[in-house]
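Chains as they are written, first to last, in full-length UniProt numbering: chain Y, 1 to 305; chain V, 1 to 429.
Hints should not be assumed to be uniformly reliable.
[Unchecked claim] Computed, partial: chain V to chain Y, Cβ under 7 Å: (1) A54; (2) K86; (3) A91; (4) G93; (5) K260; (6) G286; (7) E289.
[Claimed, not checked] Derived list of chain Y stretches under chain V, where covered just means 3 residues or more per stretch with a C-beta under 8 Å from a C-beta of chain V: (8) 52–66; (9) 89–102; (10) 169–178; (11) 241–252.
I should point out that these hints are in silico values taken from the structure, not numbers from a laboratory.
All C-beta atoms in this analysis are idealised placements derived from N, C-alpha and C, irrespective of residue type, glycine included.
So the chains spell out like this:
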Amino acid sequence: MTTMATPTQSAPDATAPVYNPKSESAGAKRAKSIAFHVAALILTAIVLYPGLWMIASAFKPNSEIGGGNTSLWSENFSLDNFVTAMDGIGGVSTLQFFTNSLVLAIGAVVGTILSASVSAYAFARIKFPGRGLFFGMMIATLLLPFHVVIIPQYIIFQQLGLVDTYIPLLIGKFLAADAFFVFLMVQFMRGLPAELDEAARIDGAGHVRIFGSIMLPLMKPALISTSIFSFIWSWNDFLGPLLYLNTPEKYPLPLALRLFQDQTQSSDYGAMIAMSVLALLPVLIFFLVFQRYIVEGVSTQGLKG
Amino acid sequence: MINRRHFLTTVAVGTASAGVLAACGTGSSTSGQTGSAENPVTINYTWWGNDDRAERTRKAIALFESKNPDIKVNGNFTDFAGYWQKRATEAAGGGLPDVMQWDLSYLRDYGQRNQLLDLSTVKINTDAFEKSLLPSGQIKGKTYGIPTSTNAFAVYYDPAKLASLGIAEPDGTWTYKEFNDFLTEVGSKSNGALFGGTDYTGVWWMFNVWLRQNNIEAFTSEGKLGFTKDDLKKWWNLTAGLRGTPAIVSEERVTQLAPKSPFGSNVTATEVTWDNFMAGYLGDSGAKELKLVPVPSDDPDNLGLFLKPSMLMVASAKTKFKDAAARFIDFMVNDPEVGQIFKTSRGVPASKTQRDGTTFEGTDKIVVDYETSISQYLKDAPEPPIVGFGTLESSFKRIASDLNYGKLDINGATDAWFKEAEDLIKQNA
Numbered sequence: 001m002t003t004m005a006t007p008t009q010s011a012p013d014a015t016a017p018v019y020n021p022k023s024e025s026a027g028a029k030r031a032k033s034i035a036f037h038v039a040a041l042i043l044t045a046i047v048l049y050p051g052l053w054m055i056a057s058a059f060k061p062n063s064e065i066g067g068g069n070t071s072l073w074s075e076n077f078s079l080d081n082f083v084t085a086m087d088g089i090g091g092v093s094t095l096q097f098f099t100n101s102l103v104l105a106i107g108a109v110v111g112t113i114l115s116a117s118v119s120a121y122a123f124a125r126i127k128f129p130g131r132g133l134f135f136g137m138m139i140a141t142l143l144l145p146f147h148v149v150i151i152p153q154y155i156i157f158q159q160l161g162l163v164d165t166y167i168p169l170l171i172g173k174f175l176a177a178d179a180f181f182v183f184l185m186v187q188f189m190r191g192l193p194a195e196l197d198e199a200a201r202i203d204g205a206g207h208v209r210i211f212g213s214i215m216l217p218l219m220k221p222a223l224i225s226t227s228i229f230s231f232i233w234s235w236n237d238f239l240g241p242l243l244y245l246n247t248p249e250k251y252p253l254p255l256a257l258r259l260f261q262d263q264t265q266s267s268d269y270g271a272m273i274a275m276s277v278l279a280l281l282p283v284l285i286f287f288l289v290f291q292r293y294i295v296e297g298v299s300t301q302g303l304k305g
Numbered sequence: 001m002i003n004r005r006h007f008l009t010t011v012a013v014g015t016a017s018a019g020v021l022a023a024c025g026t027g028s029s030t031s032g033q034t035g036s037a038e039n040p041v042t043i044n045y046t047w048w049g050n051d052d053r054a055e056r057t058r059k060a061i062a063l064f065e066s067k068n069p070d071i072k073v074n075g076n077f078t079d080f081a082g083y084w085q086k087r088a089t090e091a092a093g094g095g096l097p098d099v100m101q102w103d104l105s106y107l108r109d110y111g112q113r114n115q116l117l118d119l120s121t122v123k124i125n126t127d128a129f130e131k132s133l134l135p136s137g138q139i140k141g142k143t144y145g146i147p148t149s150t151n152a153f154a155v156y157y158d159p160a161k162l163a164s165l166g167i168a169e170p171d172g173t174w175t176y177k178e179f180n181d182f183l184t185e186v187g188s189k190s191n192g193a194l195f196g197g198t199d200y201t202g203v204w205w206m207f208n209v210w211l212r213q214n215n216i217e218a219f220t221s222e223g224k225l226g227f228t229k230d231d232l233k234k235w236w237n238l239t240a241g242l243r244g245t246p247a248i249v250s251e252e253r254v255t256q257l258a259p260k261s262p263f264g265s266n267v268t269a270t271e272v273t274w275d276n277f278m279a280g281y282l283g284d285s286g287a288k289e290l291k292l293v294p295v296p297s298d299d300p301d302n303l304g305l306f307l308k309p310s311m312l313m314v315a316s317a318k319t320k321f322k323d324a325a326a327r328f329i330d331f332m333v334n335d336p337e338v339g340q341i342f343k344t345s346r347g348v349p350a351s352k353t354q355r356d357g358t359t360f361e362g363t364d365k366i367v368v369d370y371e372t373s374i375s376q377y378l379k380d381a382p383e384p385p386i387v388g389f390g391t392l393e394s395s396f397k398r399i400a401s402d403l404n405y406g407k408l409d410i411n412g413a414t415d416a417w418f419k420e421a422e423d424l425i426k427q428n429a
């Protein structure tokens, strides 16, 4: 984190002298830099305001959220919403929802990493008949909106008796069904110098060895960005769990969150927002820990490996 | 990488497999398996609702299982919006749960597509129900839903707010003119701090009440519109003089307050809507007490009011346990102890045995007393609404809000709604 922060802060000073170094005085440069930072801060504040509103509202009583109440902080500060949120719903504890979300998210990450990297290796490095066709078909699945395949997929899992298990939600991840990640890794691997595998092959390594000892270590940035996206997508997924899970004990957080908002009775916005804050934390932490790899993962071409 | 031939191959493969899958969709159905105490059958029951309803339902299920040791009930719940997405997928996949909580607006859609069990073929006791209520669960002679509970239209007001303005509480015998004057009085006496109410002409069901007051039916038995453009113009003209004045809260304000209602946000003194929203308004507004009075009518003998099933119980047409499903539905709608568990959280219990077996206090009592007070004016419950009714209802609201924004005049609004309604009815005919 700290290594990342330092260059960002010094960036404006480092780039400022590059253009028009002679015509501007030190004072003007300083004023420009201040104006830039003020503008950036204002924009940040605007962008972050909904988040701030959410955190502030989590501490308000239900009747003061939304409606005509415009003040950010309430005088009736209380932790009641968090107490209600942690209480759970219909006899299922909130911890259970967290555990379920975590199981699904970690399953998704593990499955995607294992399957997408192997498939990507095949597409990028092995010349097999029909490679172009299969690659094209894989990309074509990206063009199919999820909603088109919902019903056929549901019928398959229903006939197999797998509804109300985590299998329909995870099996695709273990079978490299997320074409986006396979594509990401294929592109990344194509950037890695082929000389590396050729050298390994001359030394007698087979595909398994090349993949395990040469490719995987070099692909770390791609693997990490895949993990991040796959974790966040799974954590936030609502429709999949909604359709495939029936037992409330198996629900992940997004389903539980909605239960606080009931159109036909009273909505507990306070508890819903408090739970949103709690639900956001793991994703935020996951993101903060790995964020510096994201850009690297998407943009590096592997040459420096 | 992708050329056209590859793409076409993919599409062809995909289409072929979809066809195969559709063929798999028809599941087998056997009738009426029964269980015993040693070897109970398990039925699935699903509902929408919040934590509170989940807790109450859990108690009701436990009670049912203790009285019926040969049946186990597996309860599931989701939120209202997700509920219908899930049902649509399950219906397409042939896997609807055995017993479901249902909403009137979806009854015709699923009933016509033979997804729901005809409950007249199984044993459910409906003796304790008002005869005027049952037809709203029936389509073409088949009973698809049994109402658990009812709601009725009413005018809510906050007595504390009226007292602070020095306005007398209404008694509910008022004409539209008197009601409008009342709204104006609230708006002018509060100097803009409080609006009289929301524009009630934007509410479809209130329009329905007004049509009944004028002895016009909303939909004919063939599923066509039963009223004319002139009727709708007359209706929207009722509040023409109030729009843009402090009598009616502006549409901008309503949008700002969403998802809360203006009444729940303490911005208006009254609201015209269903009487079972009481708990929601109390929770949202933090008000100590809210009261209910009948809707205005120009004919004091015909208030146009009716009881609507606030929710129904239905069973899947493909359930393997028809008998168990019927016993569970019968228990949920008739058992007095179930009434005691739910109170008015589902609406006022529809079955008399259940209603009589329940003690109502506080807010619950206000709602029950209201429905009792209007009982002499009640007319037949509406038939299950036409397919696509939800769209009609929301376009009614949207077009009425365009009226309030001043984007449309009354003629334009009427034409716009009629066009949408007629297109929709033609599509679903």
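Tell me the numbers of any earlier hints that the structure contravenes, in ascending order. Those not satisfied are hints 3, 7 and 10.
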